[in-house]
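Be aware that the sequence shown starts at 37, since it is given in the working numbering, and climbs by one per residue.
Accuracy of the hints is not assured; some may be wrong.
Claimed, not checked - Capping the alpha-carbon separation at 20 Å, the derived lysine to any residue pairs in SDA-like fashion look like this:
id, residue 1, residue 2
1, LYS619, GLY609
2, LYS325, ASP302
3, LYS530, GLY609
4, LYS325, GLY383
5, LYS325, PRO281
Unchecked claim - Label-pair distances were calculated between CB atoms; the ranges are:
id, residue 1, residue 2, range
6, ARG440, ASP503, 46 to 52 Å
7, GLY301, GLY502, 44 to 50 Å
8, GLY385, ASP501, 30 to 36 Å
9, VAL223, GLY385, 44 to 50 Å
10, LYS365, ASP503, 43 to 49 Å
11, VAL361, ASP159, 22 to 28 Å
12, THR240, MET196, 38 to 44 Å
Worth flagging that the hints you see were computed from the coordinates, not collected in a lab.
Every residue, glycine too, gets a C-beta built ideally from N, C-alpha and C.
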Amino acid sequence: MRRATFFAFAVLLPACIETDVNPKDDATGGPLIDTAPPDCPPHIPDCEDTEEPIDTQVIDTEVPDPEDCAVELAPAGSVSVAEVCEGAAPTPVTDPWQVKIEWTGSRDNTYHMGLIANLTDDDGDGDVDETDTPDVVYISTNGRLVVLDGATGAEHWSAMGYQAYAVGAVADVDSDGVTDILTVTQVGEIVALDASGARMWTSTVPSTGLFDILTVADLDGDGDPEVLSNEYVLNGQDGSLIWSPPANLSIPYHGPIAGDFDLDGDQEVIIQDTVYDSDGTLLWSASIKGIIGHWSAVLNYDDDDEAEIVMIAGGKYTLYEHDGVEIFKVSAGTEQPGAPCVGDFDGDGEAEIAWASTFSFNAYELNGSEIWSASIDDTSGLAGCSAYDLDGDGRLEILFTDHRAFYIFDGATGAVRFTNTDHRSDTIFEYPTVADVDNDGSAEIVIASSESGAALDGITVFGHDGDGWPKSGTTWHAHDFAVTNINPDGSVPKNPEPSWIKHNVFRARPAVDDLATADLSIHFTEHCVASCEGDGLVRIALQAQNIGAKPSKSPTPWALYSIDETVSLITTGTLPEIAAGEKPEGWEVVITATQFGRGGLMVVIDDDGTGLGKNEECVEDNNIDYLYDVPCGW
37 MRRATFFAFA VLLPACIETD VNPKDDATGG PLIDTAPPDC PPHIPDCEDT EEPIDTQVID
97 TEVPDPEDCA VELAPAGSVS VAEVCEGAAP TPVTDPWQVK IEWTGSRDNT YHMGLIANLT
157 DDDGDGDVDE TDTPDVVYIS TNGRLVVLDG ATGAEHWSAM GYQAYAVGAV ADVDSDGVTD
217 ILTVTQVGEI VALDASGARM WTSTVPSTGL FDILTVADLD GDGDPEVLSN EYVLNGQDGS
277 LIWSPPANLS IPYHGPIAGD FDLDGDQEVI IQDTVYDSDG TLLWSASIKG IIGHWSAVLN
337 YDDDDEAEIV MIAGGKYTLY EHDGVEIFKV SAGTEQPGAP CVGDFDGDGE AEIAWASTFS
397 FNAYELNGSE IWSASIDDTS GLAGCSAYDL DGDGRLEILF TDHRAFYIFD GATGAVRFTN
457 TDHRSDTIFE YPTVADVDND GSAEIVIASS ESGAALDGIT VFGHDGDGWP KSGTTWHAHD
517 FAVTNINPDG SVPKNPEPSW IKHNVFRARP AVDDLATADL SIHFTEHCVA SCEGDGLVRI
577 ALQAQNIGAK PSKSPTPWAL YSIDETVSLI TTGTLPEIAA GEKPEGWEVV ITATQFGRGG
637 LMVVIDDDGT GLGKNEECVE DNNIDYLYDV PCGW
């Protein structure tokens, strides 16, 4: 995102452009205007004169008959994507296992994984967005909901009365553009809170279990997200019940997952051992049933685009087609597994899967063959795992915390790359989360500890001693994290890009976490003048394009300025999302003749008129176009 718009432009005089001589010109045909450059507007402090204009359009300025004044809009089409915008794999990190503690001792011990989102306006620009410092959200063992600054661990706010054993989610549940907090109270109410902690709604049906896990998805793609728990699907606008599973919810310890597994346009829901359609219709049930814990992951195993679903339960690893057809089943792990993580652990271009089972941590090929196992101690809980490429070699490391240590395992071999034995936890189903929590361009790891008197207290953030770990996203919204299911800004996509197609990770970040960027530009394509009188109309045709490898954000602002002794704002507007490699049909802007500056016009994309934009672009200095042709010889 551009924090401010900085322009370097030249004000070329109409005498420098081939035009017809206008009666208002002097005897030599030169325009009667001041040739001094304009002053910069307040939000463009560094603009300078240059010898040549940038992206200048030279357009015939002959004034037509008023009745004939019309502009033709440029048609939509495709453009080539700039290679520089496609992102690149991270480079190897020097001394990647030189790890430091960024901060710890947050306030209280916790069983709750650290959720990460932007909830506070840290840069004071009036917006809460991805340029602000991320915040860490958790519930302490004594029921305190806490929001911490991701860079320092300082507390923003906290409130008592929440369920220590539940796992919440952070997402824009009411589609108002601001991330909200979803959690469970100590009396079993699912609640939505705004970023300040004020309650937005309370569910009309109470949770009957202590160990709820929440997530958010727009199941029917109508723009209104739903809140999913272990027992219910709720309306994200008001918390009212939409449907609840008809199946017997007898398995302790599981969490909901949503995704359009069959690619029919609506998302399906996994609750416990059963898959439901978006409206609650039971589609199929698994051939295995957990005793203590039943966990799933969504991935791509074969050559078709539909998802495959892994279920880990009852000492079995079972893989299903999206429609419930069992592909295979193998004995693996124990009857008390943790939630699995999925990613390319060995750099072979194919995903693998890993999970914890009491005294062993296991890594498997997706075909069910064991790769390696390591000794751990998770006798009381069902701790999950996560993964990220910390050393930049294209292979994901696996992150795990048990009763007595925090581990970074080599994904390919199981070798311990780093361990911290100051961690202590009784464990439930928390796992380490990975995000750039201080927004410094290097990933950090957030872990939860729950044993009083231990050296690590509550939330602890680990980072590379040198900030060398590759750049990652800045958020981690839910227990069923799959990169694409909730957008980085907390918005909930109507039709999320299938994670198993784009990244094939689950509870993990890819080695390249969508480093592709947009690259927007805007152009004057045509203009005409209906009258040179002061209130005469000037019609201007504009067109935008995106030569980047990522869609632009919606809405993206644009601003039109007049160039005179000063640069003055005329009008602003917004554009919907522009897909990568596309230019939508142009549009028309109408101004008056007196608004046309004596030095011409300037249009800027990703500028709301104050210099602020919404898009992080691979090239930030090509967002401007100029129209120096001055009608009527001003």
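Now for the hints, and whether the structure bears them out:
1. A hinted pair counts as satisfied when its Cα atoms are at most 20 Å apart, and LYS619 with GLY609 qualifies at roughly 17 Å.
2. A distance of roughly 26 Å separates the Cα atoms of LYS325 and ASP302; the hinted pair therefore is violated under the 20 Å criterion.
3. Between the alpha carbons of LYS530 and GLY609 the distance comes to roughly 24 Å, so the proposed pair goes past 20 Å and is violated.
4. The hinted pair formed by LYS325 and GLY383 fails the criterion: a straight-line CA distance of about 32 Å is larger than 20 Å.
5. At most 20 Å may separate the alpha-carbon atoms for a hinted pair to count; LYS325 and PRO281 meet this at roughly 16 Å.
6. The hint said 46 to 52 Å for the Cβ distance between ARG440 and ASP503, and at roughly 28 Å that hint is violated.
7. Evaluation of the 44 to 50 Å hint for GLY301 and GLY502 yields a pass: the beta carbon distance comes to about 46 Å.
8. For GLY385 paired with ASP501, a C-beta distance near 31 Å keeps the hint of 30 to 36 Å intact.
9. Here the CB-CB span from VAL223 to GLY385 is close to 49 Å, well matched to the stated 44 to 50 Å.
10. Between LYS365 and ASP503 the CB atoms are about 44 Å apart, so this pair conforms to the stated range of 43 to 49 Å.
11. Taken as a hint, the range 22 to 28 Å is violated for the pair VAL361 and ASP159, whose Cβ atoms sit roughly 51 Å apart.
12. Between THR240 and MET196 the beta carbon distance is about 23 Å. The supplied range of 38 to 44 Å is therefore violated.
The structure fails hints 2, 3, 4, 6, 11 and 12 (numbered hints given earlier, in ascending order).
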